[in-house]
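All chains, please: the whole structure from these sequences, using the hints.
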Amino acid sequence: MNDTRRSRMVLAALLVVALAMITIDYRGGDDSPLRGLRGVGEAVFGPVERASASVVRPVGNAVDAITNAPAERRRADRLQRENQRLRDQLRGTQVDQGKSAQLDRLLGAAGLGGYKIVAANVISVGQGLEDTVTIDAGSGSGIRTDMTVMSADGLVGRVTRVGPATATVLLATDVNSTVGARLEDSKEIGIVQGRGRRGLGGGGRTPLRFQLLDANAPMRVGQRLVTLGSQGERPYVPGVPVGMVERIDAPAGGLTRTAYVQPFVHFTSLDVVAVVVAPPKSDPRDAVLPPSPTPSAPPSPASPSPSASPHKGKGKKEPSATSPSPSH
Amino acid sequence: MLNAPEASPNGRRVISAIVIVVALVLQVSVANRLPLPGGVTPDLVLLSVVALALVSGSLTGCVAGFCAGLAADIVPPSDHTIGRYALVYCIIGYVCGVAAAEMDRQSMVPFFAVAAGALLGTVAYAAIGMLLGDPRASWTIVARVVPLQVLYDVVASPFVVWCVLRATRRYDRPERRDRFSVPAARYRAMSGRTRL
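Just so you know, the sequences run in chain order W and U.
With the first letter of the first sequence counted as 1, position 284 gets the number 284 in my numbering; the numbers rise by one all the way through.
With the first letter of the second sequence counted as 1, position 20 gets the number 20 in my numbering; the numbers rise by one all the way through.
Fair warning: there could be bad hints in the mix.
Over the 10 Å line for every Cβ pair with chain W, so calculated as not near, a few chain U residues [to be verified]:
id, residue
1, V30
2, S58
3, P77
4, A86
5, A99
6, W162
Label pairs and their in silico Cβ distance ranges [claimed, not checked]:
id, chain 1, residue 1, chain 2, residue 2, range
7, W, A101, U, A143, 21 to 31 Å
8, W, G232, U, L36, 33 to 43 Å
9, W, L213, U, V155, 40 to 50 Å
10, W, G142, U, T140, 33 to 43 Å
11, U, L131, W, L103, 21 to 31 Å
12, W, R8, U, V14, 46 to 56 Å
13, U, P147, W, R247, 20 to 30 Å
14, W, G142, U, R166, 19 to 29 Å
15, W, T178, U, L36, 41 to 51 Å
16, U, V155, W, A13, 31 to 41 Å
17, U, L132, W, V40, 44 to 54 Å
18, U, L151, W, G142, 37 to 47 Å
Treat the hints as calculated values from the structure; they're not laboratory data.
Using N, Cα and C, we set each Cβ at its ideal position, and we do this for glycine too.
In structure tokens, the structure reads:
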């Protein structure tokens with residue numbers, strides 16, 4: 001009995017403390033005194049996460065490499081029967097090759113846009129409903145808050161908090177994320193919003209929602225989006241590919257039209273990402289977009305034949321890529 | 001309480017802290033990266049809080065829950081109001097501890113406790129989010145998350161509960177490695193279920 005009373009007292013005290021913390025943190029917003037606790041968390045858990053990621057990543061990558069490609073799996077099974085050590089070596093080299101290829105593409109994309117980047121690995125992923133990741137580069141690598149994070153494929157998100165050796169990235173798919181975006185080869189601008197953690201908000205393949213500001217502007221399925229660029233290039237630098245319009249909602253009396261966007265980045269398997277530490281000198285426009293037509297042309301009613309769209313895309317892309325200067 | 005009272009409380013606290021930290025690190029760096037269908041991942045921290053509460057009672061349960069929740073609130077990629085998980089896990093730890101004391105003879109208790117804890121935890125976390133006006137806790141998202149989350153938690157629970165039992169038992173009874181060395185009926189019941 002005494003013990004239940006004591007534990008009730010403790011429970012009550014802890015609940016009061018928790019409620020007080022929620023209140024203080026909620027009322028304080030970004031300036032709340034409890035944000036210092038996050039700094040402590042970053043200093044304490046950051047190194048632990050880095051260490052655990054360095055242990056976990058080779059295993060995870062090997063598992064990824066196997067599950068992603070059935071052929072790889074068969075090959076790995078065969079080797080497993082042959083020799084344990086040989087298999088481990090093979091996986092190791094595959095992982096390294098994959099990583100260096102990713103880095104190469106990343107550098108290619110960064111060079112194309114003229115971004116100055118710091119490459120980093122994703123070491124942990126947020127819990128609960130938020131769509132955030134931790135990367136293993138922090139203020140020591142020159143990373144500050146509100147910097148754009150991209151991968152070789154396109155926009156990943158922005159840096160929200162920076163620790164000494166780690167940084168937290170808010171992914172573009174988070175509900176709280178809002179990105180200014182522009183349709184390729186037109187000046188039509190709009191807002192890309194996330195639809196929740198891994199597309200939980202009914203997202204599926206289209207975890208992003210794009211709202212075109214001008215309701216009468218042309219927009220078609222298959223059109224691609226790049227970031228518009230924020231004022232002062234923070235948090236978002238211009239010209240980073242975002243995704244492709246997959247479906248357009250008929251305007252239901254609204255002032256804006258909504259399109260559902262399939263991102264270029266696979267948000268569920270983020271690994272090597274890059275933080276843009278210096279924006280490009282001039283807006284790269286559509287130069288960073290991948291070579292135009294991708295297999296998802298079939299649902300588009302606007303592009304009649306798959307062979308027609310590549311020429312169109314390329315024809316329009318070249319002039320803007322060669323003359324990026326008038327933007328600023 | 002229900003465990004060996006002669007085990008030093010400090011050792012138990014250390015073990016509980018280690019269990020929580022390991023669960024938390026595994027959660028953010030492994031479990032949350034699993035590409036599971038539906039985009040939901042099992043909540044290892046919640047499961048270890050439930051397991052600790054089942055083993056050690058309501059007092060340890062609510063303290064461990066609070067500490068685990070606070071750690072989950074400040075671990076790097078977190079981006080919600082500080083205190084949300086602390087509140088939720090504290091309640092879960094207490095309730096599971098009380099429930100374990102009430103009905104420890106039935107072998108299904110751990111599973112019901114885990115399922116109920118997962119349900120209560122997810123719903124409470126989402127409810128607090130709704131109260132605070134967090135756009136992430138919108139109804140469509142929560143309605144999708146809760147059933148999957150409970151399912152994954154129940155699926156993952158035998159492993160986590162087993163690991164926590166191993167960790168705590170190993171400390172409590174260093175001289176007896178017999179697998180039926182108590183925590184008495186509770187341990188037998190749990191290990192019996194986990195072997196199924």
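Please test the hint of 20 to 30 Å on the beta carbon pair from U/P147 and W/R247. 26 Å, holds
Per the stated criterion, does the least C-beta distance between U/A99 and chain W lie above 10 Å, as a non-interface residue requires? U/A99 is indeed farther than 10 Å from all Cβ atoms of chain W, at 13 Å.
Cβ distance range 21 to 31 Å for U/L131 and W/L103, holds or violated: 44 Å, violated
No chain W beta carbon within 10 Å of U/V30's: 6 Å, violated
Does U/A86 really sit off the interface, with its C-beta more than 10 Å from all C-beta atoms of chain W? 4 Å, violated
Distance rule for U/W162, whose beta carbon must clear each one in chain W by more than 10 Å: 21 Å, holds
Cβ-Cβ distance between U/L132 and W/V40: within 44 to 54 Å? 22 Å, violated
Go ahead and decide if the range 21 to 31 Å is satisfied by the Cβ distance of W/A101 to U/A143. 40 Å, violated
Is the distance from the Cβ of U/V155 to the Cβ of W/A13 consistent with 31 to 41 Å? The hinted range 31 to 41 Å holds for U/V155 and W/A13, with Cβ atoms some 35 Å apart.
Using the beta carbons of W/G232 and U/L36, state whether their distance is inside 33 to 43 Å or not. 39 Å, holds
Check on U/P77 being off the interface with chain W, judged by Cβ distance over 10 Å: It is violated; U/P77 is separated from chain W by about 4 Å at its closest Cβ, not greater than 10 Å.
Is 19 to 29 Å respected by the C-beta to C-beta distance linking W/G142 and U/R166? Distance hint for W/G142, U/R166 is violated at roughly 44 Å.
In summary, the numbered hints that this structure violates are 1, 2, 3, 4, 7, 11, 12, 14, 15, 17.
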